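Number of protein chains: 2
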Amino acid sequence: CVCVAGKVCVMTDRNLAGLPPMRSVLESLVRSGIEHKVYDNVRVEPTDTSFKEAIAFAKKESFDVFVAVGGGSVIDTCKAANLYACHPDADFLDFVNAPIGRGKPITGALKPLIAVPTTAGTGSETTGVAIFDFEHLKAKTGIASRAIKPTLGVVDPLHTLHMPERVAANSGFDVLCHALESYTALPYNMRSPCPPNPINRPAYQGSNPISDVWSRHALNVVAKYMKRYAVRDPEDKEARSSMHLASVFAGIGFGNAGVHLCHGMSYPIAGNVKTHKAKGYNVDHPVVPHGLSVVLTSPAVFNFTAPMCPERHLEAAQILGADVSRAKREDAGPLLADTLRRFLYDLEVEDGLEAVGYSKEDVPALVKGTIPQERVTKLSPREHTEEDLSHLFEASMKLY
Amino acid sequence: CVCVAGKVCVMTDRNLAGLPPMRSVLESLVRSGIEHKVYDNVRVEPTDTSFKEAIAFAKKESFDVFVAVGGGSVIDTCKAANLYACHPDADFLDFVNAPIGRGKPITGALKPLIAVPTTAGTGSETTGVAIFDFEHLKAKTGIASRAIKPTLGVVDPLHTLHMPERVAANSGFDVLCHALESYTALPYNMRSPCPPNPINRPAYQGSNPISDVWSRHALNVVAKYMKRYAVRDPEDKEARSSMHLASVFAGIGFGNAGVHLCHGMSYPIAGNVKTHKAKGYNVDHPVVPHGLSVVLTSPAVFNFTAPMCPERHLEAAQILGADVSRAKREDAGPLLADTLRRFLYDLEVEDGLEAVGYSKEDVPALVKGTIPQERVTKLSPREHTEEDLSHLFEASMKLY
Chain F
1 CVCVAGKVCV
11 MTDRNLAGLP
21 PMRSVLESLV
31 RSGIEHKVYD
41 NVRVEPTDTS
51 FKEAIAFAKK
61 ESFDVFVAVG
71 GGSVIDTCKA
81 ANLYACHPDA
91 DFLDFVNAPI
101 GRGKPITGAL
111 KPLIAVPTTA
121 GTGSETTGVA
131 IFDFEHLKAK
141 TGIASRAIKP
151 TLGVVDPLHT
161 LHMPERVAAN
171 SGFDVLCHAL
181 ESYTALPYNM
191 RSPCPPNPIN
201 RPAYQGSNPI
211 SDVWSRHALN
221 VVAKYMKRYA
231 VRDPEDKEAR
241 SSMHLASVFA
251 GIGFGNAGVH
261 LCHGMSYPIA
271 GNVKTHKAKG
281 YNVDHPVVPH
291 GLSVVLTSPA
301 VFNFTAPMCP
311 ERHLEAAQIL
321 GADVSRAKRE
331 DAGPLLADTL
341 RRFLYDLEVE
351 DGLEAVGYSK
361 EDVPALVKGT
371 IPQERVTKLS
381 PREHTEEDLS
391 HLFEASMKLY
Chain G
1 CVCVAGKVCV
11 MTDRNLAGLP
21 PMRSVLESLV
31 RSGIEHKVYD
41 NVRVEPTDTS
51 FKEAIAFAKK
61 ESFDVFVAVG
71 GGSVIDTCKA
81 ANLYACHPDA
91 DFLDFVNAPI
101 GRGKPITGAL
111 KPLIAVPTTA
121 GTGSETTGVA
131 IFDFEHLKAK
141 TGIASRAIKP
151 TLGVVDPLHT
161 LHMPERVAAN
171 SGFDVLCHAL
181 ESYTALPYNM
191 RSPCPPNPIN
201 RPAYQGSNPI
211 SDVWSRHALN
221 VVAKYMKRYA
231 VRDPEDKEAR
241 SSMHLASVFA
251 GIGFGNAGVH
261 LCHGMSYPIA
271 GNVKTHKAKG
281 YNVDHPVVPH
291 GLSVVLTSPA
301 VFNFTAPMCP
311 ERHLEAAQIL
321 GADVSRAKRE
331 DAGPLLADTL
341 RRFLYDLEVE
351 DGLEAVGYSK
361 EDVPALVKGT
371 IPQERVTKLS
381 PREHTEEDLS
391 HLFEASMKLY
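Chains F and G, in that order, give the protein sequences. The numbers in full-length UniProt numbering rise by one with no breaks, and the one at position 253 of the first sequence is 253. The numbers in full-length UniProt numbering rise by one with no breaks, and the one at position 11 of the second sequence is 11.
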């Protein structure tokens, strides 16, 4: 192999720093005599502060290539580090999504970024999105542009073997919601207004015939393999490979079509976390893992969106194992919601928002944190008011 | 829209020159005040001579962008013109596939090429392949490299409205075979030897989890829409849109995985044409249209390849409407062959190679013309001798 790489920045987190995927990457760089530096201080569920630390590291040196070894947190942090290192004069908020940031288009070229995903969930290796907690708003936001999409993803299921069972389950729920949300997202030809210039086109186009192929296929794989993969037998290589590819497939789908309410509502659920200690996560701060924060509202959300495209909701329910042979269009919402509840129960998911520390008193704060997530919530197939959002959070307090 | 295009080369053929898709393109260029020149001398089923004429045209001027308006012949010719105009010192055979050409890797950058397909068949807008008749060998060969892949495809089903019924049917058969061949191609992890350098990787990788998604999906669309589209009602917009997208989907699939025996054997079938006048084609030379030359051997080919991956052959038969509920693995070949024969009969396809002017005496020449098609035939899931190829041609003389 002829690699001309100059100086490489390898980003990872503290847990992964000593695990086999990182060892493989470092051995490969050493063997090829490629100069590199390691940044292992990525925060799980990154914040603007942790993004800025990584950016400062990247700016200090003149890197030619970035390599991200980790889950979505690492890959997203590395995207931001690459972006701002290549735009040293930009203010941090310049490229952050409006209305929180300025949402400026990225016009300059970035350095190549090679993503080595070690969870089967985010699909971040396929997307132009980098998400972080904006601490003083207690809400997640991000940067979304094709320009920050990794150049290459190295998708090897053996890189996920180290995942604790709950990390595997939660990242799988992220795949499930990527697939369901992108398949039911507002169709591309119903989005408006048309951007004045192609450079202003959003990263998320709405559901379309290309993204549909990926979303539907990913959902089929999740339905077939998720339980085998997450709970039955972690050594089941077929299930592990399939779920790792499903995260890529769903990533291509949602990275193109977009996600909507589950993701939009998940950001304040994660951002307002009080004391919840996530099982299986070795972190020193309270956290509602991303996949869990996304999936907890899914029964309520799809019950709400079903009337806009009942056929797709019925099809999703069927793929997830429901008998839809006698279902009518108006059954689509309740049927998909019930199917999801059963799926989550079988996978031992916490019983709703209450189980991760929320109560009805928190609903106004959760709604407030959802409002700025327009970038995704406007892709909901059904328009919604703040009252609708309140109802969705309330209906998600308990699932079973 | 802000387009900075410099000088544009528009390529098309004589028939299309006066038809609506070309008019739209020219009106758009004139409206935007973009300098352009038209080359409308592309040959349907191009040859090395016709490629060279187009290349000479492209070399004379200094074009910044290429636009191809037409079917596979036009898009492939335009790819070659772009390639050699950007490599003015290269000999024509430098980039032509070995063993006929030198198969050199393309390392320089090409100009952007926008493909506007007007048939729903080749998928050329998605691939890095350009095929032509090498006249003195009476066989087709081509150029295959990611570097010649169009930058953008404008896929509008209204651009296919001008197609005569037989052109629609034949281009649909090309989609069918792209899907079937790529889905049954030798798996990517069974190809060998490994190329010494990534730049030497072939354009065709063998079937893999990504191409499978596209190939299987394209086959489903063909099964659902081909008859509605090609024979029942040419004004059926849903069928027309779906088939146009199916050609793109199958193009992404086979452009990545490759095709095998139907395509490898089709090149001498087209190249050795004697007097066959294709219905619906307004050309002044004998021609076996590409899609027809490909599909005529399909029952024999898939009967032959089925033992290597019977599940996929059964799945294909089922997608095309066969009842596979009681089928055993050893039934896969005959069942898919029968299903294809019925499909072709319903679509009024000529009764085998005899009906396009061949007899058993031609078999040695057809086999001889297949031998140099290694680039594709080596992707067959089943190894084959010259005797096997003879049997396949003989078995394709009559279909019904």
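Derived from the structure by calculation, the hints contain no laboratory data. Fair warning: there could be bad hints in the mix.
Said to hold, decoys possible - Simulated pairs of lysine to aspartate or glutamate, DMTMM-like, Cα-Cα distance not exceeding 20 angstroms:
id, chain 1, residue 1, chain 2, residue 2
1, G, Lys224, F, Glu238
2, G, Lys224, F, Asp212
3, F, Lys138, F, Asp156
4, G, Lys59, G, Glu35
5, F, Lys224, G, Asp212
6, F, Lys224, G, Glu315
7, G, Lys224, F, Glu311
8, F, Lys224, G, Glu311
9, G, Lys37, G, Glu27
As the list claims (entries may be wrong) - Far from chain G, some chain F residues (derived; all Cβ distances over 10 angstroms):
id, residue
10, Glu35
11, Thr107
12, Glu135
13, Glu165
14, Pro209
15, Trp214
16, Tyr400
For clarity, every value in this text was computed on a predicted model and none was experimentally measured. Where is the CB? At the ideal position from N, CA and C, for every residue including glycine.
Results of checking the hints against the structure:
Distance restraint check for Lys224(G) and Glu238(F): the Cα-Cα separation of roughly 31 angstroms exceeds the 20 angstroms cut-off, and the hinted pair is therefore not satisfied. With a C-alpha separation of about 17 angstroms, the suggested pair Lys224(G) and Asp212(F) falls inside the 20 angstroms cut-off, and the hint holds. Simply put, Lys138(F) and Asp156(F) have alpha-carbon atoms about 34 angstroms apart, too far for the 20 angstroms limit, and the pair is violated. Pair hint Lys59(G) plus Glu35(G) holds up; C-alpha atoms about 16 angstroms apart against a cutoff of 20 angstroms.
At most 20 angstroms may separate the alpha-carbon atoms for a hinted pair to count; Lys224(F) and Asp212(G) meet this at roughly 17 angstroms. This hinted pair checks out: Lys224(F) and Glu315(G) have alpha carbons roughly 18 angstroms apart, not beyond 20 angstroms. Note on Lys224(G) and Glu311(F): the hinted pairing holds, with a Cα-Cα distance of about 18 angstroms set against a maximum of 20 angstroms. Of the supplied pair hints, the one linking Lys224(F) and Glu311(G) holds, its CA atoms being roughly 18 angstroms apart against a limit of 20 angstroms.
Proposed proximity of Lys37(G) and Glu27(G) is supported: the alpha carbons are some 13 angstroms apart, at most 20 angstroms. Under the 10 angstroms C-beta cut-off, the non-interface status given to Glu35(F) relative to chain G holds; the minimum distance is some 21 angstroms. In this structure Thr107(F) is separated from chain G by more than 10 angstroms, as the shortest Cβ-Cβ distance comes to about 12 angstroms. With a least CB separation of 38 angstroms from chain G, Glu135(F) remains clear of the 10 angstroms interface cut-off, as annotated.
With a minimum CB-CB distance of about 25 angstroms to chain G, Glu165(F) clears the 10 angstroms threshold, and the non-interface call stands. Its closest Cβ contact with chain G, about 5 angstroms, brings Pro209(F) to no more than 10 angstroms, contrary to its assignment away from the interface. Its beta-carbon lying about 7 angstroms from the closest one in chain G, Trp214(F) breaks the requirement of being farther than 10 angstroms from that chain. Its beta-carbon lying about 34 angstroms from the closest one in chain G, Tyr400(F) satisfies the requirement of being farther than 10 angstroms from that chain.
Checked against the numbered hints given earlier, this structure breaks hints 1, 3, 14 and 15; the rest are met.
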